[in-house]
Amino acid sequence: MAAERPVVFVIDDDPSMRHAVEDLVASVGLEPRVFATPQEFLQAKRADAPGCLVLDVRLPGASGLAFQQELARAGIHFPVIFITGHGDIPMSVRAIKAGAVEFLSKPFRDQELLDAIHAGIERDRVQRQAAAAIAELQQRFATLTEREREIMALVLAGHANKRIAAKLGVAEGTVKVHRGQIMRKMLAQSVQELVRMGDMLGKPKS
Amino acid sequence: MSMIAAPLEHLDLATVLKVSQAVSGEMALEKLLDTLMRTAVEHAGAQRALLILVREAGPRIAAEATTSNGMVVVRLCDEPVTGSLLAETVLRHVLCTRENVILDDASALNAFPTDPYIARRLTRSVFCLPLMNQAKLIGALYLENNLAPGVFAAARTAVLKLLASQAAISIENSRLYRNLAEREARIRRLVDANIVGIFVWELEGRIIEANDAFLAMVGYDREDLVASRLRWTELTPPEWRDRDKQLIPELAKSGTLQPFEKEYFRKDGSRVPVLIGVAAFEENVNQGVAFVLDLTERKRAAEALREAQGALARANRATTLGMLGASIVHEVNQPLGAIAASAAAGSRWLSAQPPDLDKAQRSLERIINDSRRASAVVGRLRALVKRQEPRKDRVDLNEAILEVLALTDDEVRRHDILVETSLAADLPTVEGDRIQIQQIVLNLVVNAIEAMSAPDGRRRQLAIGSAREDTNAVRVEVRDSGPGVDPSHADRLFEAFYTTKAEGMGMGLCISRAIIEAHGGRLWVGPNGSHGAAFCFSLPVLAAP
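Quick mapping for you: the protein sequence lines, in order, are chains A and B.
Residues in the first sequence are numbered from 10 upward in steps of one, following my numbering.
Residues in the second sequence are numbered from 261 upward in steps of one, following my numbering.
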């Protein structure tokens with residue numbers, strides 16, 4: 010787990026708006042990083058820390074919404090907070106659907122923005138924890154043998170040992186031994202926990 | 261043929277008196293000719309008499325008298341002289357030599373053997389004498405008698421000669437009189453038609469004569485005129501009197517004054533704007549005639565037109581700004597949002613433990629700057645929308661252009677348009693109304709943005725440039741990469757109510773051109789390379805003081 014301070018990325022082409030938001034973010038003890046264009050942001054080195062993105066939807070070169078999609082494609086999953094001078098309802102609906110945390114119209118109350126930033130950071134923290142947990146599970150899963158993965162899939166599908174043995178044409182005892190190995194390698198205390206892990210892994214294929 | 265110089269005592273006094281009476285009593289030419297012809301035939305014993313008058317186009321027969329059964333019949337006519345009507349060679353001789361010709365027995369003596377008329381008609385006695393007035397030939401009297409030779413005796417010819425010269429004077433006078441009457445009638449018609457006001461003035465101020473049109477214009481009636489209550493000097497408001505005085509030398513010199521505008525007081529004290537032209541009488545420069553047109557309606561119409569144009573210009577401006585609505589909201593919200601955020605930040609720096617005064621100070625400085633920015637945006641908008649009389653400022657065109665671009669900045673971004681500016685660094689200032697010029701730039705920029713709003717796959721480019729056109733003028737260009745202007749419609753673009761836009765009023769370019777022309781400049785459109793339109797205007801450079 011990363012232990013760095015949360016970072017607030019601000020992308021706004023208007024210098025006064027950019028600096029004002031930077032100042033506001035700093036005043037509550039968060040670390041702001043500001044960019045005039047999405048390109049600058051994409052090219053910048055980013056520390057592996059929880060954070061969120063404060064984005065003006067009318068950016069030169071690319072609209073904020075298009076940029077949001079571009080981020081997703083690039084595998085950057087920071088929660089996005091939109092700030093706009095003239096947002097309309099359809100635009101905000103699209104933004105929220107695409108995963109925006111908040112959609113703020115200028116002039117906005119500072120607390121609204123800060124709440125949204127905090128919510129965004131929190132969401133990122135949860136996302137990162139989930140992502141870390143998944144990564145951990147994937148590592149464990151990677152240690153399973155081919156046969157063990159096959160049996161795990163059948164266990165997750167809810168089949169009893171006897172049925173699994175029949176399906177695979179092996180002895181029931183053999184299945185039991187494999188199951189023990191699976192539980193140990195995956196660090197699962199119960200079948201229920203293993204099922205949850207399977208869900209998080211997204212139904213690993215046998 | 262013999263020349264006759266009859267002594268006066270041979271004159272038939274009764275005849276002379278008769279003709280003199282006729283001449284003095286009858287100013288009408290027709291009546292006079294009738295009397296003359298009748299007398300000539302009766303007195304001279306002619307069978308037939310012709311009166312020939314010399315016109316510009318040649319001699320014409322003006323009257324013919326014939327005797328029939330002891331009655332004299334006079335016929336007035338206007339016919340060309342031909343060899344079938346009289347002995348033409350005789351007439352030509354008289355007109356040429358201005359001497360009398362008497363043929364006692366023309367056909368027998370064969371004095372004019374080649375004359376076909378004499379030969380054919382067997383004319384016996386012929387008498388032809390010129391009509392002279394002050395050494396000027398005005399015609400001839402031609403008498404003939406085919407029955408007897410030697411009819412025209414010397415004594416009778418003397419009377420006829422006197423008669424003829426009397427008649428010549430009378431004919432000439434009568435013609436002059438008629439010409440004069442015709443001219444007088446024409447002038448009367450001009451005056452009485454009352455299409456223009458006409459009055460006859462004296463330099464010292466009196467109005468001697470005036471037509472109804474003029475009286476109606478100034479609200480006086482004919483009684484006032486007759487009672488000499490009308491003086492042009494008093495009709496003239498004080499502020500025009502000096503100029504009137506300055507015009508007098510010119511009037512004295514050239515005899516006329518080209519039409520100029522002034523005002524007159526009406527009888528009720530109100531004023532009437534007029535256009536007046538003046539001519540002095542040739543014989544007396546202290547008198548003359550003035551032609552006056554009432555400009556009230558024209559002035560009112562011009563004023564109404566100006567007001568309508570002003571209203572349309574404002575409506576058009578409002579429409580243009582309306583199209584920029586979202587942008588303008590953005591322009592105002594941008595600094596306001598920044599102010600709110602900076603204020604919140606500043607307040608937090610102050611309430612931190614310990615307070616961070618440096619950072620709070622910086623927040624406040626940003627607030628000050630952003631407030632200025634916001635009020636500048638509002639100021640620009642207010643200036644653009646507000647009703648204002650045209651001013652004459654020194655205008656830095658580059659500055660004016662940059663301000664407009666600041667207003668349209670967001671609109672340009674929203675349409676994903678690349679803006680290029682190339683403003684000449686040493687552009688001289690122009691004189692004019694800064695706001696009006698900015699409205700034109702705004703109008704051209706908005707037009708360019710709209711022209712590029714339809715997607716066509718090309719890069720959207722808006723180029724704004726300023727440059728010196730020549731030593732006397734500067735040029736501003738707004739180029740777009742839209743579909744361009746059809747050259748056959750290029751001129752119609754500037755007509756009122758011509759528009760290619762669904763919600764356009766068709767006034768923008770019309771008003772823009774009017775404003776530019778009022779500034780002494782030009783506004784035109786041309787192609788921008790292979791794609792798009794280039795709208796350009798030029799303005800005269802402010803002359804160095």
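Source of the hints: derived by calculation from the structure; they are not laboratory data.
In this text, a Cβ means the ideal position worked out from N, Cα and C, and glycines have one as well.
It is possible that part of the hints are untrue.
Some chain A residues judged to face chain B by a derived CB distance under 7 angstroms, without partners named [unchecked claim]:
no., residue
1, Asp23
2, Met26
3, Ala29
4, Asp32
5, Ser36
6, Glu40
7, Ala83
8, Val135
9, His168
10, Arg172
11, Met209
Now the stretches of chain B that chain A is said to cover, found in silico as 3 or more residues with beta-carbon under 8 angstroms [claimed, not checked]:
no., segment
12, 318–327
13, 479–487
14, 509–516
Against the structure, the hints:
Evaluation of the Asp23 (chain A) hint against chain B yields a held restraint, the C-beta minimum of about 5 angstroms falling below 7 angstroms. Restraint check, Met26 (chain A) versus chain B: the minimum CB separation of about 5 angstroms is within 7 angstroms; hint holds. Taken as an interface hint, Ala29 (chain A) checks out: its beta carbon lies about 4 angstroms from the nearest beta carbon of chain B, inside 7 angstroms. The interface hint given for Asp32 (chain A) is met, as the beta carbon of that residue sits about 4 angstroms from the closest beta carbon of chain B, less than 7 angstroms.
Annotation: interface hint on Ser36 (chain A) holds; nearest CB of chain B at approximately 4 angstroms, less than 7 angstroms. With 7 angstroms as the threshold, the beta carbon of Glu40 (chain A) stays out of range of chain B, its nearest partner Cβ sitting at about 14 angstroms, so the hint is violated. For Ala83 (chain A), the interface hint is violated, the least distance from its beta-carbon to any beta-carbon of chain B being 22 angstroms, above 7 angstroms. At a threshold of 7 angstroms, the smallest CB-CB gap from Val135 (chain A) to chain B is about 26 angstroms, leaving the interface hint violated.
Interface restraint check for His168 (chain A): the shortest CB-CB distance to chain B comes to about 57 angstroms, outside 7 angstroms, so the restraint is violated. Because the beta carbon of Arg172 (chain A) sits about 61 angstroms from the nearest beta carbon in chain B, more than 7 angstroms, this interface hint is broken. Interface hint at Met209 (chain A): violated, since its Cβ lies 39 angstroms from the closest Cβ of chain B, which is beyond the 7 angstroms cut-off. With 0 residues having a Cβ less than 8 angstroms from any Cβ of chain A, the segment 318–327 of chain B misses the three-residue criterion, and the hint is violated.
Check result for the segment 479–487 of chain B against chain A: violated, 0 residues qualifying (beta carbon to beta carbon below 8 angstroms, three or more required). With 0 residues having a beta carbon nearer than 8 angstroms to a beta carbon of chain A, the segment 509–516 of chain B misses the requirement of three or more and the stated coverage is violated.
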